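Asker: Since chain A is already given, all that's left is putting chain B on it; use the hints.
Residue numbers (this note's numbering), protein chains in the order written: chain A, 1 to 113; chain B, 1 to 114.
Rather than coming from a laboratory, the hints here were simulated on the basis of the structure. For clarity, every value in this text was computed on a predicted model and none was experimentally measured. We put the CB at the ideal spot given by N, CA and C, even for glycine. Careful: at least some of the hints might be erroneous.
[Said to hold, decoys possible] Restricting the straight-line Cα-Cα distance to at most 35 angstroms, the calculated cross-link-like pairs of lysine-lysine (DSBU-like) are: (1) A:K100 with B:K9; (2) A:K54 with B:K57; (3) A:K105 with A:K56; (4) A:K5 with B:K14; (5) B:K14 with A:K105; (6) B:K14 with A:K56; (7) B:K14 with A:K54; (8) A:K5 with B:K57; (9) B:K44 with A:K105; (10) A:K100 with B:K14; (11) A:K68 with B:K9; (12) A:K54 with B:K9.
[What the hints assert, rightly or not] Here are a few chain A residues that face chain B, going by a calculated C-beta distance under 8 angstroms: (13) A41; (14) T45; (15) F46; (16) F89; (17) S93; (18) G104.
[Said to hold, decoys possible] Beta-carbon label-pair distances, calculated as ranges: (19) B:D38 with A:P82: 23 to 31 angstroms; (20) B:Q22 with A:D1: 16 to 24 angstroms; (21) B:S84 with A:N7: 21 to 29 angstroms; (22) B:Q17 with A:D55: 33 to 41 angstroms; (23) A:H76 with B:R77: 37 to 45 angstroms; (24) A:S51 with B:Q17: 42 to 50 angstroms; (25) B:N62 with A:K71: 27 to 35 angstroms; (26) A:Q14 with B:S98: 34 to 42 angstroms; (27) B:T70 with A:P113: 30 to 38 angstroms; (28) A:N57 with B:P61: 40 to 48 angstroms; (29) A:S74 with B:G63: 19 to 27 angstroms.
Chain by chain, the residues run as shown.
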Amino acid sequence: DQQVKQNSPSLSVQEGRISILNCDYTYSMFDYFLWYKKYPAEGPTFLISISSIKDKNEDGRFTVFLNKSAKHLSLHIVPSQPGDSAVYFCAASAMNRDDKIIFGKGTRLHILP
Amino acid sequence: NAGVTQTPKFRILKIGQSMTLQCTQDMNHNYMYWYRQDPGMGLKLIYYSVGAGITDKGEVPNGYNVSRSTTEDFPLRLELAAPSQTSVYFCASRTGTSVRQTQYFGPGTRLLVL
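The following block holds chain A by itself, in its conformation from the complex (with noise of 0.2 angstroms):
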């Protein structure tokens, strides 16, 4: 069963706080994750990965960490801004099949001024 879950449809975060945006999967065999931000009336946006070996990856004001004993992912970003606010999808692939991407249904996040 080869699922990506994001449990929470939407999140509202202060601006300047962190917003965490967390994601789990089924399938063990997952182990490359993809974060990709979607903003109204676009395609969705590469935004940041992380490869099974590493459970922390780093990119400005975004971080990835990944627990693989609980199967389960988060997104971080410090300080949130105005621009971060949009839909996230969370993804995963799996080693055996590097070139399929399964897609979580995506959370919703909302920059409070």
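Answerer: Chain B only, in chain A's frame:
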């Protein structure tokens, strides 16, 4: 570079009508993809292509057809539109097969079937 472009942006179809969603990329990418996104859902893969002349089914191919005669273009054909095909359709491309290579998405085509 325009990246990945899609036309039309929005279309209303009647049940049973046909249409082609156009997708073009100018990055010389071999791999191209068609996804659909239903409200509140993630992206589901419809069809993909690994190069001109080569296409394969994804997760939800029923009701759709594709062709890939050039590297640049990857049109998606709906032959007999059904309400279940109401969705937002995204085309994407990337350099190679691995998801470790960045996948670029077009802006999407919103389709409403009534």
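Asker: Between H76 (chain A) and R77 (chain B), is the Cβ distance one that fits in 37 to 45 angstroms?
Answerer: 42 angstroms, holds
Asker: Given T45 (chain A) as an interface hint, is the shortest Cβ-Cβ distance to chain B below 8 angstroms?
Answerer: Given a least distance of 7 angstroms, the restraint on T45 (chain A) holds.
Asker: Just tell me: holds or violated, for the beta carbon distance of N62 (chain B) and K71 (chain A) against 27 to 35 angstroms?
Answerer: For K71 (chain A) against N62 (chain B), whose Cβ atoms are near 31 angstroms apart, the range 27 to 35 angstroms holds.
Asker: Is it true that the C-beta distance of Q22 (chain B) to D1 (chain A) lies inside 16 to 24 angstroms, as the hint says?
Answerer: 35 angstroms, violated
Asker: Between Q17 (chain B) and D55 (chain A), is the Cβ distance one that fits in 33 to 41 angstroms?
Answerer: 51 angstroms, violated
Asker: Measure nothing beyond the straight line between the CA atoms of K14 (chain B) and K54 (chain A); if it is 35 angstroms or shorter, mark the hint as holding.
Answerer: Status violated; Cα separation ~50 angstroms.
Asker: Is the Cα-Cα distance between K14 (chain B) and K105 (chain A) 35 angstroms or less?
Answerer: 28 angstroms, holds
Asker: Is it true that the C-beta distance of Q14 (chain A) to S98 (chain B) lies inside 34 to 42 angstroms, as the hint says?
Answerer: Given about 38 angstroms between the Cβ atoms, the range holds.
Asker: So does S84 (chain B) sit 21 to 29 angstroms from N7 (chain A), Cβ to Cβ?
Answerer: 26 angstroms, holds
Asker: Would the hint on A41 (chain A) stand, with a C-beta cut-off of 8 angstroms toward chain B?
Answerer: 7 angstroms, holds
Asker: Starting from K100 (chain A), check that the Cα of K14 (chain B) is at most 35 angstroms away, please.
Answerer: Holds, at roughly 33 angstroms.
Asker: Just tell me: holds or violated, for the beta carbon distance of D38 (chain B) and P82 (chain A) against 23 to 31 angstroms?
Answerer: 28 angstroms, holds
Checked against the numbered hints above, the structure breaks hints 6, 7, 11, 12, 20, 22, 27, 28 and 29 and satisfies the rest.
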